[in-house]
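> Here's the letter readout for the chains.
There are 2 protein chains.
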Amino acid sequence: MELSVETLMITTGGSRIALLSEQTASLLGVHSSDRIKITCKKQEMIAIANIADYFPQNRIGLYQETVAALGVKEGETVNAQLAPLPESLFNIRAKLHGERLRERDIIAIVKDVVERHLSTVEIAAFLTALSIHGLSTSETEFLSRAMISTGKTIDFGKRPILDKHSVGGIPGDKTSMIVVPIVAAAGFTIPKTSSRAITSPAGTADRVETLCPVNLSIKEIKEVVSKTNGCLVWGGSLELAPADDLFIQVEYPLGIDPMLLPSILSKKKAIGATHVVIDIPTGMGAKIKTRTEAYTLASDFIDLGKRLGLNIQCALTFGEQPLGCGIGPALEAREALTTLMGEGPSDLREKAIGLAGMLFEMVGAKNGRAIADEMVDSGKAMKKMREIIAAQGGNPLINPEDLPVGPESALVRSEQSGKVLWLSTDDIVRIAREAGAPKEKGAGVVLHAKLGDAVHKGGVLFEIYAERSSKLTSALELAGKLSPIVLSNKPEEKMILDKVPEKTRHEKVFNIDR
Amino acid sequence: MELSVETLMITTGGSRIALLSEQTASLLGVHSSDRIKITCKKQEMIAIANIADYFPQNRIGLYQETVAALGVKEGETVNAQLAPLPESLFNIRAKLHGERLRERDIIAIVKDVVERHLSTVEIAAFLTALSIHGLSTSETEFLSRAMISTGKTIDFGKRPILDKHSVGGIPGDKTSMIVVPIVAAAGFTIPKTSSRAITSPAGTADRVETLCPVNLSIKEIKEVVSKTNGCLVWGGSLELAPADDLFIQVEYPLGIDPMLLPSILSKKKAIGATHVVIDIPTGMGAKIKTRTEAYTLASDFIDLGKRLGLNIQCALTFGEQPLGCGIGPALEAREALTTLMGEGPSDLREKAIGLAGMLFEMVGAKNGRAIADEMVDSGKAMKKMREIIAAQGGNPLINPEDLPVGPESALVRSEQSGKVLWLSTDDIVRIAREAGAPKEKGAGVVLHAKLGDAVHKGGVLFEIYAERSSKLTSALELAGKLSPIVLSNKPEEKMILDKVPEKTRHEKVFNIDR
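Those sequence lines, one after another, are chains A and B.
Residue numbers are given in the numbering used here: position 453 of the first sequence equals residue 453, and the series is strictly consecutive.
Residue numbers are given in the numbering used here: position 226 of the second sequence equals residue 226, and the series is strictly consecutive.
Worth flagging that the hints you see were computed from the coordinates, not collected in a lab.
Certain hints may be false.
Straight-line distance between alpha carbons at most 25 angstroms, and here's what the computed SDA-like set of lysine to any residue pairs gives [stated by the list, open to error]:
hint: 1; chain 1: B; residue 1: K419; chain 2: B; residue 2: V460
hint: 2; chain 1: B; residue 1: K439; chain 2: A; residue 2: P86
hint: 3; chain 1: B; residue 1: K439; chain 2: A; residue 2: N79
hint: 4; chain 1: A; residue 1: K471; chain 2: B; residue 2: V460
hint: 5; chain 1: B; residue 1: K289; chain 2: A; residue 2: L85
hint: 6; chain 1: B; residue 1: K439; chain 2: A; residue 2: K471
Listed next, with one range per pair, are the computed distances between beta-carbon atoms [said to hold, decoys possible]:
hint: 7; chain 1: A; residue 1: G71; chain 2: B; residue 2: S299; range: 51 to 61 angstroms
hint: 8; chain 1: B; residue 1: E343; chain 2: A; residue 2: G71; range: 51 to 61 angstroms
hint: 9; chain 1: B; residue 1: R59; chain 2: A; residue 2: E223; range: 48 to 58 angstroms
Here the structure is a predicted model, which means the values were calculated and not measured.
Glycine included, C-beta positions come from ideal geometry on N, C-alpha and C.
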């Protein structure tokens, strides 16, 4: 059927969607979410049909992505017809019924996700089915490979390429900003890509962005790495395993994360990593709550790494509370710099040294921790960090106190004295986000009391920073309501953690940040 | 944050969506699929955010549904802020993790589906989880009740109200068009709503529409029923259990149907039915393949009916082949009229008489079948059908041969002689749809040979009707490729039904039509 193009001046964020009037759709035999094949001159593409009641007849509305893909202009004539369902959709239906998928089935799905032949409804059903039925080891491998092969890859032309990744889940985890300069200072290559926060108060990309640009092209990354051995960039626009970004968009509202393993390792493989340390924060405050869960995940990582040709070690790290004291992009960047200068909180230094040391030993060093310690104590790591900042386009002379935080701030004090018995990371996250993090880079929380610390009545528990007084007020209100830090002189004085009367369903906190 | 409204002249088909630029979304702390609360004067509403890369900043793009709900104009200023996740989304997440839902949880979900507070991604995840985990009896009841209470209901002011429904799945099933006039002619009230075809060559609404309008308002339905005791109308725009229509839209591409029971019975309850016969076509060619499955479904229907205060009986009917001979809207309407006139295929008459007889006995009659037979043989049923056609705005004098079919047609002949051993309803459906059904009302297939019939070499197997010669050609090609009717003199001559070499995954036919 010949239809006249109406170009819609908006984008859909990737999906190729074509709008039809109800009557035109009916003539084509097309229902909402059916696919149509659009032909224009010699170009041909598949778009998903959206049906609009009041859209003009005999016209086809094309969003920017579809216009670009077809190269058509307003008013041009295209041919549209009902396209058959893609094979990949039958593979998704098979997974819904609990069937195991073969490699070719998974390739078809991932390819159609990347080429936008599958709707978000279909992707949501696929991810839900994966989340409920689980993935076999082979399926995990096939998914990883398909995600790598449908995206770009970077070849730095040398080996080994080291990398470090956290499965995420504890606030204040700025370890990457310390591990990367330590490893690079020791002469190894470590091209670190990271994400921005979705559910947390700061992602590594958000933290580093307070020091220098992070939105680099692949060409720029290669230049930075060839100059400095390392980089700290945002991975979101590089199209390394782009299927992952599309999956995360759908997983986020659903609070499921069935693709954790292939998601992380496909990106590592795409950037050419050969040796990777996976940090698995474990504990009440983390994404992984128990050691059993952590060990299972670790052995899954190592197994999948082997199948993909990646040398992997996992570190189970203490995840009962935030790491360090600062939470929020600028507050965390400050703390990372301080730690690189040999000061900073001891838990943060300890973890960074530990992970860097593991990487050194994976590539043959004898005493990894000693090398890492030396890099910090000699000032080499800080010097390397300044080189990386300069190479990415930031000011290499920056010092921690130069980074703007606040300017609004307020102290939250204890109403009793005692030792910190427990500390809700979920609540701290909510308070930091309420204060404006991660969007307002100077916003966040600085903890003054951590597990086991003694606090006097009237002593400071934490400090809230915000860029606007209205945000500070609402974060303070939330802090008063939540009481995220619980004190007691002896644990036995405070055995009831929470009471559940006619409570509504507990809203579990979901963390999709990697 | 204050934003200027840009009204988009298109509808989304119901969803309330607001479009923001990436930068505006970022300032609001909104990610794609997050909800935003939009306030304008005293109106307030929740919309789901879509983020568009090139949309202008400080503006909010509103689709027609959102514009209507808020009552705003182009260029007006509204306030937008990030809204918390709805409670219903946490209930959906709980179902994803296999938890049982309470009545209040289900009400929250269904209410948010109807009020468009949940995105199609979230609805897809919910339906997928229901499909995989299954529903408890209580969950089925809660869903039905929630679907009824979030829609309109009709009160005809009398009892009993009879109804008949098929779970669907065999082509050519025009039984409702015969049962309704039989029951109405006997003095009982039977307000029949039905759907249009989605995956089949004709829905009852499509069939009846060849005789008279079916898109009636609730007021018009009441008038028709008070005049004639019955009606045959399209249920799609009546907002009886509207959640069901939204669920079906999402289920359709996924090929799942976890809501079959609540979907059917909520609509029956909304129209005030007191006594319902559920037809469960059972067999190779039907949605329900085995007797075991059919009996389980029947007892689920009866149980759910009891919980909802509906008197239900189920009929397991022969579902190995299409019902009657005509397949396609006009061809089927012709056959229904012929059957009401005392002629027509015997299987169709037998089934209609049987189902009408069950209804009569459910409301106290002794020999239901005899009453039904009498209604047809006396001409009362046909007279009633003409009354209903007239009341709905059609021509009461119409005769079967007046209904336009074709005009293109071709016979498909047998290349051998033998008896019909089996007949693929799926293939017949594909051929009828390829010929243009259900959109082209005169298109379809007429079977000349059914199970057990003897056919000579060169004898007619079936006839294809189309409104356009191009459609006839492609339907004939498909028929040649599929060979939907298999002949054999003795079954033992033809034991191999199909061969599976390096075949791709078998594309199971999915039927969502009720």
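> Which of the numbered hints above does this structure break?
4, 6 and 9
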